[in-house]
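Trainee: Going down the list, the sequences are from chains A and B. Counting in numbering that gives the first Met the number 0, the first sequence runs from 0 upward without gaps. Counting in numbering that gives the first Met the number 0, the second sequence runs from 0 upward without gaps.
None of these hints come from the bench; they were simulated from the model. None of these values were measured; they are calculated from a predicted model. The beta-carbon is built from N, C-alpha and C at its ideal position, and this holds for glycine as well. Among the hints, erroneous ones may be present.
[What the hints assert, rightly or not] Label pairs and their in silico Cβ distance ranges:
| id | chain 1 | residue 1 | chain 2 | residue 2 | range |
| --- | --- | --- | --- | --- | --- |
| 1 | A | 346 | B | 28 | 41 to 47 Å |
| 2 | A | 189 | B | 30 | 31 to 37 Å |
| 3 | B | 128 | A | 240 | 44 to 50 Å |
| 4 | A | 53 | B | 107 | 36 to 42 Å |
| 5 | B | 18 | A | 53 | 19 to 25 Å |
| 6 | A | 421 | B | 111 | 41 to 47 Å |
| 7 | B | 96 | A | 400 | 36 to 42 Å |
| 8 | A | 189 | B | 83 | 56 to 62 Å |
| 9 | A | 258 | B | 23 | 42 to 48 Å |
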Amino acid sequence: MPVVPTPTTLTEATAAIDDREVSHIRNDFPILAQQVNDNGLVYLDSGATSQNPLSVIEAEQEFYEQRNAAVHRGAHSLAVGATDVFEEAREAVARFIGARSNEVVWTANATEALNLLTYSFSNATAGRGSDDSRRFVVQPGDEIVVTEMEHHANLIPWQELAFRTGATLRYIPVDDDGALRMDEAAAVINEATKVVAFTHASNVLGCINPVEELIALAHARGAFAVLDGCQSVPHLPVDVKALDVDFLAFSGHKMLGPTGIGALYGKADLLNAMPPFLTGGSMITKVTMEGADYLPAPNRFEAGTQQISQAAALAVAVNYLQETGVKRIAAWEATLGRRLVEGLQQIEGVRVLGPGAGTERIGLAAFDIAGVHAHDVGQFLDDRGIAVRVGHHCAQPLHRRLGLIASTRASTYLYNTTADVDYFLEAMASVRSFFGARS
Amino acid sequence: MSGALEQLYQQIILDHSKLRHGEGLRPAPDGSVPGESHQYNPTCGDEITLRLARNGEQITAISWAGDGCSISMAAASVLTEIVDGGISEADLLSKVDNFRDVLRSRGTIEADEEVLGDAAAFSGVSRYPARVKCAMLSWVAAEEALLASR
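Could you put together the complete structure from these sequences and hints?
Mentor: Pasting the structure below:
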């Protein structure tokens, strides 16, 4: 049985996903069958990490049982087979986002992908790399642009790059509802802008940003466009070539894959012009005691033994998403997202963050509830078997902008039913009375 | 409802979380030595600034300002009740240790109401390891504030 399916096995169904289909999908996810605090688990925290279908879990086991070996080295059959698995997985993931396989660099997660990028820019700034690397030099006078809604993973690496290089970090603000101030974007992004880094879909607000417009603004000023795809790649069709984005970071564990693997997409000519970040084995051509020459991308950025079994499993996850149909998943999650927002807005004291009912959003909703702290809401829901995320969701500046310290977030995926959403809403309706919150 | 939740959120805790004793930072009374500590829980963003006033070995006043969940706010309120009216430093430190032991016991140590007063109602928190930090936030602040006032 091939670990990585070939594209010809992929067929996309056309009918919309409904609760009946989801009940079948759920059978593929063993963890969802369990009881939590004497209730059936209602998992509404896929925005933090998604659950895995059995096929993904088995792929990792199968790799260790049948194929485990170091890749890109050794002439024995097992090593050749493991290398095939590893590279076929890269092809599968590249295909999933419309990229070529030499444009996908494996990383531990999206955070590492974004750090790789910023440290490579730093290394170019320090004079490393080739003449081609000079385009990544960041210096005083240059500006790096992010947005006020970024996850810390797409904020702090850029802050640090600015500190290291003397560049200025600027941001596109959000309005009182959390929407990007696109009227300001055109001014914030200017001739001095070197990079514009922004999220495709907010992990707090659930909004889908005007990505094409931002990429066009960046390119018009000669800046690189960097997309955080953590909340989009798992949930929406994303085609890097159609978007013409320069870099894209995403994490495997948010898209039915295992933890420990993510990826950085970069246009081939850019990746091949960038100096490496992590250095060591497997990323070199010739090494002397004085220096080394480096492999082209993607291997240039993959020093040391890689996450091979995770790559194999991520390819199976991607196949699962494609077989189900990413467009169909997006439509189903939009349905669940609408149901969440409409239901929450009917509960007294609840303020839903981000776009209101009727505006496009992914299948998540974060909210504040008057008189009850998010941590207490989470505890109350957990008692009923409902798993949600509470806190600042790694977006402290955004919460501060919205006048909050913390919020509660319910986030769905293809395995959630409308009954999950309704059970959650029913529990939410009694939170304030349990805690004696005054109206 | 499983009943476990009511064990955690006892009425006494919910009451303290709303009618918070000692909330609002006040300057230490004249003639006393102030000690202050700011504690922050990065996982949830809860924070507290707590101020004690010392006269020799006696702690004579406490006040605090903070933002957090009902457990963290109620814990600061019951701590205020313990300090209000004066308590020796040694006595306060021993109560903090006792409170910590109860909270970390995973339900194996029952709190003694004679020692902890209303804080004994926090026994239920010990079954929720993720919430121990919430309850300890102000009590750790008191320990640090004591050190700062030395």
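Trainee: Now look at each hint and say whether the structure bears it out.
Mentor: Quick rundown of the hints versus the structure:
no. : hint                        : verdict
1   : 346(A) x 28(B): 41 to 47 Å  : holds (46 Å)
2   : 189(A) x 30(B): 31 to 37 Å  : violated (59 Å)
3   : 128(B) x 240(A): 44 to 50 Å : holds (47 Å)
4   : 53(A) x 107(B): 36 to 42 Å  : holds (38 Å)
5   : 18(B) x 53(A): 19 to 25 Å   : violated (52 Å)
6   : 421(A) x 111(B): 41 to 47 Å : holds (45 Å)
7   : 96(B) x 400(A): 36 to 42 Å  : holds (41 Å)
8   : 189(A) x 83(B): 56 to 62 Å  : holds (58 Å)
9   : 258(A) x 23(B): 42 to 48 Å  : holds (45 Å)
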